[in-house]
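Number of protein chains: 2
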Amino acid sequence: MNQVIETLLNHRSIRKYEDRPLTDEQIRTLVECAQAASTSSYIQAYSIIGVKDKEKKRKLAELAGNQPYVETNGHLFVFCADLFRHDMLGEMEGRDITASIESTEKFMVAVIDAALAAQNTAVAAESMGLGICYIGGLRNHLEEVSQLLQIPKRVVPLFGMTVGYPLHESGKKPRLPFEHIYHEETYEQDKNRLRAQLEEYNKIIQDYYVQRTGGERKDTWTGQMAGMLSNPTRMYMKQFVEKQGLNKR
Amino acid sequence: MNQVIETLLNHRSIRKYEDRPLTDEQIRTLVECAQAASTSSYIQAYSIIGVKDKEKKRKLAELAGNQPYVETNGHLFVFCADLFRHDMLGEMEGRDITASIESTEKFMVAVIDAALAAQNTAVAAESMGLGICYIGGLRNHLEEVSQLLQIPKRVVPLFGMTVGYPLHESGKKPRLPFEHIYHEETYEQDKNRLRAQLEEYNKIIQDYYVQRTGGERKDTWTGQMAGMLSNPTRMYMKQFVEKQGLNKR
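Chains R and Y, in that order, give the protein sequences. Start counting the first sequence at 1; every next residue gets the next number (the UniProt record's numbering). Start counting the second sequence at 1; every next residue gets the next number (the UniProt record's numbering).
If you're looking for bench data, these hints aren't it; they were derived computationally from the structure. Be aware that a few hints might be false.
Said to hold, decoys possible - Quick partial rundown of chain Y residues pointing at chain R, CB under 10 angstroms, derived from the structure:
no., residue
1, Q3
2, S13
3, H180
4, I181
What the hints assert, rightly or not - Derived lysine to aspartate or glutamate pairs resembling EDC-like cross-links, with alpha carbons at most 16 angstroms apart:
no., chain 1, residue 1, chain 2, residue 2
5, Y, K59, R, E185
6, Y, K191, R, E185
7, Y, K52, Y, D24
Where a beta carbon is used, it is the ideal one built from N, C-alpha and C, also for glycine.
Could you put together the complete structure from these sequences and hints?
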């Protein structure tokens with residue numbers, strides 16, 4: 001196993017950091033790694049906003065659900081799906097590109113581009129001995145987040161990422177069985193088989209929680225997911241994204 | 001610079017491979033690396049389909065725009081946004097989760113999850129001396145692709161990824177200026193500054209193409225993008241995704 005694969009397999013989210021900022025050089029390396037990721041037809045449809053300002057971080061932490069590590073970390077990145085510069089280059093080149101950039105297709109392209117870039121940042125950070133955590137909680141209040149970061153039309157902040165010097169070890173949560181995620185030739189739709197895999201996985205997850213909490217938590221994965229998903233959240237998203245001029249047609 | 005960062009910065013897409021299949025062990029490692037990526041609230045909302053069958057690869061290559069490397073490679077992965085298993089676990093747990101899984105929010109979660117997983121696969125493959133290429137062309141004809149791969153409701157194939165033993169070297173295309181992608185504190189909306197950055201970038205890209213083609217190609221980035229975007233493609237996507245039961249509300 002090489003060093004890269006070791007880094008990838010060793011990933012775990014870190015939720016407590018030293019209050020010690022990354023250097024600008026570290027930040028630049030992380031962004032350069034992000035930029036080195038593949039991008040759909042060279043479109044580069046994303047932006048990254050770095051937040052250093054303490055007060056702004058405090059506000060973002062509050063908006064993201066009061067997670068203290070959003071405030072205290074080495075650096076806070078916000079990854080955005082971004083077709084703003086494409087809107088601008090349409091003007092520059094005198095071409096009408098509105099239909100394209102308002103399409104669901106290009107919204108998907110922008111989300112994928114941003115996520116590929118972000119994952120490179122995550123991997124690079126971990127290879128430098130730093131910890132990371134994706135902050136989906138930023139999507140709790142995108143209107144307020146967008147005001148704070150002065151996000152223009154054609155841009156949607158997707159998630160934050162905290163990076164910093166870890167203050168704790170963290171367990172690696174077992175993933176779904178390989179056979180459940182990976183299919184060969186065709187998508188496996190045999191519900192009996194899939195259900196059996198989930199039930200087996202539930203036992204693994206239950207053991208994991210029991211061991212980690214001394215028996216206090218006994219969740220299964222399907223129970224946890226059903227609980228979470230039966231409570232729809234962020235249902236304003238469709239409207240917000242459309243208001244930003246994306247995913248409209 | 002460590003080996004991981006070197007691998008990330010050294011990425012380039014490979015579009016010609018030996019006709020030499022990956023081993024099942026290699027495939028398993030690549031999928032395990034995918035699974036090690038972060039996933040939003042543990043939701044694991046993606047699947048990966050591996051295609052080995054020659055005839056199926058030939059058809060997919062055709063659907064993706066006749067790119068021969070989609071047919072001839074070491075392995076072809078298809079990454080899907082997937083809430084099918086969540087639909088199933090809702091049934092298992094007797095909970096109504098339809099509103100959640102039909103939301104734009106959860107569609108974004110699934111697309112991001114799939115992309116993070118895919119990028120880990122890409123990075124792992126490159127660390128093993130293999131080359132990769134994302135195949136967005138799969139989205140040209142998702143209806144046909146879905147039939148071929150027997151994709152159920154709540155699943156959307158997002159892109160393919162070819163992996164294999166490279167048969168060529170490839171140049172690294174210069175990315176947008178660091179300052180254009182990375183903003184600090186707030187999104188930079190000064191159009192004069194952004195436009196100046198794009199014009200500077202255009203010169204770099206033009207030089208890049210002139211050098212690579214002996215003067216035959218002289219595209220600028222903004223020209224290339226305006227040309228591409230003024231020709232809307234895959235405009236069926238919104239309808240297709242909604243038909244799959246995602247991004248609906």
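Now for the hints, and whether the structure bears them out:
1. Q3: Because about 5 angstroms separates Q3 (chain Y) from the closest Cβ in chain R, which is inside the 10 angstroms limit, the hint holds.
2. S13: Interface hint status for S13 (chain Y): holds (6 angstroms vs cutoff 10 angstroms).
3. H180: 7 angstroms, holds
4. I181: Since chain R brings a Cβ to about 6 angstroms from I181 (chain Y), closer than 10 angstroms, the hint holds.
5. Y:K59 with R:E185: Holds, because 13 angstroms separates the two Cα atoms, which is no more than 16 angstroms.
6. Y:K191 with R:E185: 48 angstroms, violated
7. Y:K52 with Y:D24: Holds. K52 (chain Y) to D24 (chain Y) sits at ~11 angstroms (cutoff 16 angstroms).
The structure shown violates just one earlier hint, number 6.
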